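4 protein chains.
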Amino acid sequence: MVRVAVVGATGYTGEELIECLLRNSNVEITSLSALIDKPTKFSSLHPRFAGRTDITCKELNVDEVAEKADVVFLALPHTLSMKFAPQLLAKGKRVIDLSADYRLPADVYEKWYTGHLDKGNIEKAVYGLPELNRKKIKGAAFISNPGCYPTSVILALLPLIKLITAEGVEPIIDSKSGATGAGRKAALSLCFGEVDQNLRCYKANEHQHMPEMEHVLSNAAGKAVKLHFTPHLLPIRRGIMSTIYLKGESFKDAGKLHGLMTEYYRNEPFVRIRPFGTFPEILEVAGTNYCDIGIKHAGGITIIVSVIDNLLKGASGQATQNLNIMCGFDERTGLI
Amino acid sequence: MVRVAVVGATGYTGEELIECLLRNSNVEITSLSALIDKPTKFSSLHPRFAGRTDITCKELNVDEVAEKADVVFLALPHTLSMKFAPQLLAKGKRVIDLSADYRLPADVYEKWYTGHLDKGNIEKAVYGLPELNRKKIKGAAFISNPGCYPTSVILALLPLIKLITAEGVEPIIDSKSGATGAGRKAALSLCFGEVDQNLRCYKANEHQHMPEMEHVLSNAAGKAVKLHFTPHLLPIRRGIMSTIYLKGESFKDAGKLHGLMTEYYRNEPFVRIRPFGTFPEILEVAGTNYCDIGIKHAGGITIIVSVIDNLLKGASGQATQNLNIMCGFDERTGLI
Amino acid sequence: MVRVAVVGATGYTGEELIECLLRNSNVEITSLSALIDKPTKFSSLHPRFAGRTDITCKELNVDEVAEKADVVFLALPHTLSMKFAPQLLAKGKRVIDLSADYRLPADVYEKWYTGHLDKGNIEKAVYGLPELNRKKIKGAAFISNPGCYPTSVILALLPLIKLITAEGVEPIIDSKSGATGAGRKAALSLCFGEVDQNLRCYKANEHQHMPEMEHVLSNAAGKAVKLHFTPHLLPIRRGIMSTIYLKGESFKDAGKLHGLMTEYYRNEPFVRIRPFGTFPEILEVAGTNYCDIGIKHAGGITIIVSVIDNLLKGASGQATQNLNIMCGFDERTGLI
Amino acid sequence: MVRVAVVGATGYTGEELIECLLRNSNVEITSLSALIDKPTKFSSLHPRFAGRTDITCKELNVDEVAEKADVVFLALPHTLSMKFAPQLLAKGKRVIDLSADYRLPADVYEKWYTGHLDKGNIEKAVYGLPELNRKKIKGAAFISNPGCYPTSVILALLPLIKLITAEGVEPIIDSKSGATGAGRKAALSLCFGEVDQNLRCYKANEHQHMPEMEHVLSNAAGKAVKLHFTPHLLPIRRGIMSTIYLKGESFKDAGKLHGLMTEYYRNEPFVRIRPFGTFPEILEVAGTNYCDIGIKHAGGITIIVSVIDNLLKGASGQATQNLNIMCGFDERTGLI
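Protein chains in written order, with the numbering used here: chain Z, 92 to 427; chain D, 92 to 427; chain R, 92 to 427; chain G, 92 to 427.
Quick caveat, the hints were computed from the structure, so don't treat them as lab data. One or more hints might be untrue.
The list treats identical chains as one, so a pair stands whether inside a single copy or across any two.
What the hints assert, rightly or not - Calculated cross-link-like contacts (lysine-lysine; reagent style DSS-like; alpha-carbon spacing at most 27 Å):
1. Lys294 x Lys129
2. Lys182 x Lys227
3. Lys294 x Lys343
4. Lys343 x Lys202
5. Lys314 x Lys159
6. Lys132 x Lys294
7. Lys159 x Lys215
8. Lys314 x Lys174
9. Lys338 x Lys314
10. Lys182 x Lys202
11. Lys347 x Lys317
12. Lys132 x Lys149
13. Lys338 x Lys202
14. Lys343 x Lys317
In this text the structure is predicted, and so the values were computed from the model without any measurement.
Assemble the whole structure, with the sequences as input and the hints as a guide.
Printed below as a string of structure tokens:
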């Protein structure tokens with residue numbers, strides 16, 4: 092039985108993580124922390140958990156959390172993780188960080204986010220994409236859990252990345268995400284009256300998840316990858332679709348590409364390649380840890396559609412998958 | 092051509108009011124005010140209005156607004172209207188207030204809201220429900236525009252109110268409102284992730300709109316009316332449905348009641364009684380200033396369903412209707 | 092390991108049932124049937140299940156299904172279950188029927204639905220509400236799974252039903268259901284353009300679930316119960332809220348009622364009574380098998396709010412709970 | 092006063108068209124037709140119109156419709172228009188067809204749709220995009236109203252089309268449409284339970300609107316245009332966003348392109364170019380006849396975002412605009 096703590100328990104990813112951990116028979120949740128005025132039963136804050144956990148949620152006390160837990164999840168916005176991760180690591184705790192703070196080299200991070208306070212630990216963090224780094228995750232003390240958009244895009248392009256770089260193709264990625272992707276916070280732009288019946292294109296080709304995709308894919312290719320990535324805010328609670336356009340000589344035989352992808356993910360428990368020429372829909376993976384991918388060739392270009400649940404494979408499900416790998420459990424424990 | 096000003100132009104009711112006023116050929120909008128850092132073209136704040144109005148939206152300056160306008164709309168949350176209304180009235184301006192500040196006697200207001208700063212003007216305000224007070228509205232200098240829930244409920248009960256009080260029946264009212272009813276503000280409870288796929292019952296039998304309904308209906312009946320009113324937050328942008336349950340000897344002949352209602356509203360441009368036994372749906376009035384009402388008798392009780400668009404008949408449409416009446420225009424100008 | 096079959100696998104309740112059964116470690120799904128042109132892998136029909144089940148879905152063949160399964164779930168619309176249930180029962184199979192066909196005495200059924208083809212088996216069916224009939228369910232060969240609205244209402248009223256009948260109170264029930272409650276079928280009235288941004292009141296005090304509530308509650312009270320039940324169609328995928336109004340001398344001490352309810356459900360794994368004066372929201376039980384109930388007294392009446400996920404506690408979750416009880420498994424297996 | 096008839100009055104575009112025509116002070120609606128069992132008051136079919144029109148909706152009788160109307164709108168699915176248009180034209184009626192039947196040369200139509208029954212009239216139809224064909228529309232007897240996706244895309248690319256063909260660039264267009272775009276029909280794939288919380292990519296690079304875009308733009312360019320067009324079904328009622336990606340030497344100076352676009356549409360009443368670097372959202376044009384377009388350059392490519400209301404500028408609003416032009420009215424009459 093592994094003792095785990097969740098820091099940032101009251102956000103959407105925190106809540107979803109607790110769902111995953113409660114279903115995980117190998118895990119005992121020993122503490123829940125959040126920005127909170129006074130200690131409160133977690134099930135009072137989130138009545139969804141009444142009768143399922145008795146834990147009191149408190150303001151973070153690193154010493155107390157560390158004492159009670161073997162593995163600490165940081166379900167925090169960026170800039171907060173880098174304050175607490177070093178303290179927990181210094182105490183010998185294993186850490187799975189869901190923020191962006193350890194996903195990028197310091198210089199890239201500082202270009203796209205803000206000044207970094209814990210550069211020394213960046214290199215120690217294993218990028219927690221099991222399909223890419225399963226072996227490293229197994230022994231890791233520190234996992235940087237991938238971003239939601241990057242998970243949907245990297246998994247779609249990984250099997251083809253050498254073809255892409257060989258020909259110098261620049262994939263065009265049009266992504267669409269549900270509103271929980273922005274976190275649980277009181278922002279006017281996230282209010283129902285502003286999101287419902289709407290579609291909003293934001294940070295076109297300037298979103299901070301783009302360098303994460305390029306960094307990971309470039310490393311995998313051994314060569315610089317250039318992407319064009321434009322996200323949109325969908326009026327749904329959860330789910331991401333990335334529609335990816337590829338044009339080049341290497342992509343004309345899409346049947347072959349489909350074969351490559353199928354082969355690449357043959358043994359993966361949470362990536363499913365759809366029959367050639369068909370595409371997945373968001374509702375088909377919502378509530379699951381799957382990334383479903385379809386590929387098609389039409390009108391001279393290749394189109395890939397990749398869908399995930401942003402809160403699961405895009406965050407807390409993947410974090411749980413990482414925990415399972417780290418600890419030697421069946422990778423699917425607690426996950427659908 | 093009447094010169095009008097809108098104070099509180101950037102909220103949902105402000106925006107909708109401007110839509111109505113732009114369609115109103117008798118009206119010229121001369122100023123728009125809001126809580127805003129610096130003067131900004133309104134169409135930059137709300138690109139929906141680009142090419143339709145050139146007005147610059149500014150922080151409220153009562154003198155300037157008063158100088159430019161004959162009629163001032165206050166599309167403000169309660170407590171703000173009572174700060175500005177007296178100044179505008181003192182300058183001889185006609186005022187149509189969309190807040191709750193002048194809808195109730197001071198003692199009732201202070202019980203349900205907060206301390207009142209302008210008790211002297213409460214009695215001067217005409218309650219702007221045209222179906223009840225058309226004559227008074229005609230000559231009024233000061234209109235207190237009804238609340239959204241009260242409009243849907245009062246119109247449904249008005250034709251029957253003497254029957255209701257005669258028998259001492261206490262109607263049970265289960266209302267459901269779209270999310271714009273809470274105004275445009277950054278509140279976590281209004282965020283898409285909290286509202287979508289949800290239904291929330293709030294302030295059951297303790298909502299501040301209940302005394303407004305009771306006050307107006309009691310006056311109309313000449314006898315105290317007691318209601319039970321429970322609202323719910325719907326995952327839609329706009330619209331209210333009130334489902335009303337009546338049980339009593341007087342209500343057994345629902346066909347007669349239907350006749351009463353039809354007769355009562357025979358000449359009303361914005362109230363439609365549905366064929367006996369059928370009910371209206373929200374989508375059938377969304378985007379219009381209509382209040383549609385259905386009545387049915389089944390299982391020993393009478394059920395009335397009333398629907399409005401909360402932003403139109405429940406707020407800005409009704410305010411425009413009041414303006415039209417006040418100024419002697421065709422009551423329907425600018426309205427659907 | 093119990094071998095189970097699902098008849099009607101492609102509807103919303105069929106799909107959700109398969110989710111529950113796949114998570115149930117005591118169960119092996121041996122066949123899936125549906126109205127279908129030719130045998131097709133279930134995961135091709137519902138790609139959500141790719142990699143999770145290999146079963147081929149076929150047109151129903153009673154002999155084949157019976158041979159392979161110990162327990163057969165009928166996730167069918169009414170009128171279809173009564174064709175197949177007798178054949179399966181005659182072969183000694185245990186049957187859990189999710190339709191309305193065996194919930195009511197024949198005369199009541201025929202009044203509210205249509206002619207009954209299998210009256211002889213109605214009395215053999217145990218009404219599968221565990222909170223009421225756990226002991227009978229344990230030994231049952233034939234379960235009639237409760238309706239969705241009735242589950243939400245009966246659980247809310249059961250602890251108070253003797254008070255209700257003693258005083259002759261007629262509860263007024265205003266229910267709201269998500270669109271999956273109407274089943275998966277191509278009906279214009281269920282299309283997105285007709286349901287989204289809308290609220291529709293239908294079959295007011297004439298819905299076929301009302302006699303089911305009255306029948307079950309009357310039996311529990313030992314005295315006739317009269318209800319008033321009006322449902323509404325919500326623009327959400329899943330979830331039901333029933334808002335219930337009670338007025339009478341017995342209901343003035345709502346604190347006592349709250350105590351009664353808490354006591355009544357003290358040991359129930361899937362009913363949660365909220366702290367006195369607070370209400371549950373649909374999103375707090377969506378995706379779970381819980382029924383959450385809140386109670387409050389205000390303005391002279393008692394208001395009860397009950398929420399369930401219509402596809403889980405209102406259908407397939409409860410069917411799974413019944414299976415677990417029937418077979419002596421931990422009642423919560425496969426359920427959240 | 093022009094007398095107009097609407098054939099196909101009960102669909103989403105029919106209903107919206109009637110909204111536009113009722114607001115149009117130059118127009119009298121003289122007949123409404125639809126596939127309907129027996130003559131029925133239109134306001135009984137669509138209670139939204141109660142008190143606003145008294146017309147009885149009937150099965151189409153071409154002679155009767157022709158006798159009563161000067162202009163006939165065909166708000167029909169493709170294949171139906173080509174049955175009735177020739178009869179109406181032969182009677183000297185002006186026709187505005189909202190279907191796809193007359194938008195393409197016969198050979199292209201037959202490749203993407205089905206056999207054409209009225210090839211002779213195709214060349215007589217003026218493609219009703221006012222921004223392209225205003226002069227021809229003025230004198231036209233027969234208008235073929237553009238498709239919804241094509242309107243959003245053609246308006247976005249028209250000012251740049253010569254640059255595009257000069258460099259041989261193939262724009263990549265990722266479009267997203269609300270559910271009313273598929274028409275009002277009982278299809279399982281359009282049901283709320285299938286559309287809500289979902290996003291679906293369909294007919295990727297194989298949608299029948301793609302040849303319409305290519306045909307119109309090629310004519311405008313005087314040179315063949317090749318596009319890549321992939322649509323998605325959004326869980327909203329109305330609205331389309333097209334996100335367009337352009338890569339090429341000519342597109343590096345996006346500020347210049349923005350200037351071109353602004354200039355091109357300087358006098359257009361219903362096209363608005365957003366400030367450089369900013370994008371429109373669907374909610375900003377919903378309920379209006381505007382097409383709003385934004386342009387931005389980032390990461391080496393140019394991105395254009397175009398939004399319309401699919402039922403207005405994408406169908407019935409544009410049809411009304413065409414009527415206004417045809418008849419010499421102010422182009423904006425009845426439109427927002």
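Consistency of the hints with the structure:
1. Lys294 x Lys129: between (37 Å within a copy, 25 Å between copies)
2. Lys182 x Lys227: within (21 Å within a copy, 55 Å between copies)
3. Lys294 x Lys343: Between copies only: 18 Å across, 31 Å inside.
4. Lys343 x Lys202: Cα proximity of Lys343 and Lys202: across copies only (23 Å, versus 36 Å in one copy).
5. Lys314 x Lys159: neither (43 Å within a copy, 55 Å between copies)
6. Lys132 x Lys294: Between copies only: 24 Å across chains, 38 Å inside a chain, cut-off 27 Å.
7. Lys159 x Lys215: within (23 Å within a copy, 54 Å between copies)
8. Lys314 x Lys174: Result: close neither inside a copy nor across copies, 33 Å intra and 59 Å inter.
9. Lys338 x Lys314: both (19 Å within a copy, 22 Å between copies)
10. Lys182 x Lys202: neither (30 Å within a copy, 56 Å between copies)
11. Lys347 x Lys317: Both ways: Lys347 and Lys317 sit 23 Å apart in one copy and 25 Å across, limit 27 Å.
12. Lys132 x Lys149: Within one copy only: 9 Å inside, 46 Å across.
13. Lys338 x Lys202: The answer is between: 25 Å across copies meets 27 Å, while 30 Å in one copy does not.
14. Lys343 x Lys317: both (20 Å within a copy, 17 Å between copies)
Hints 5, 8 and 10 from the list above are not met by this structure, while the remaining hints are.
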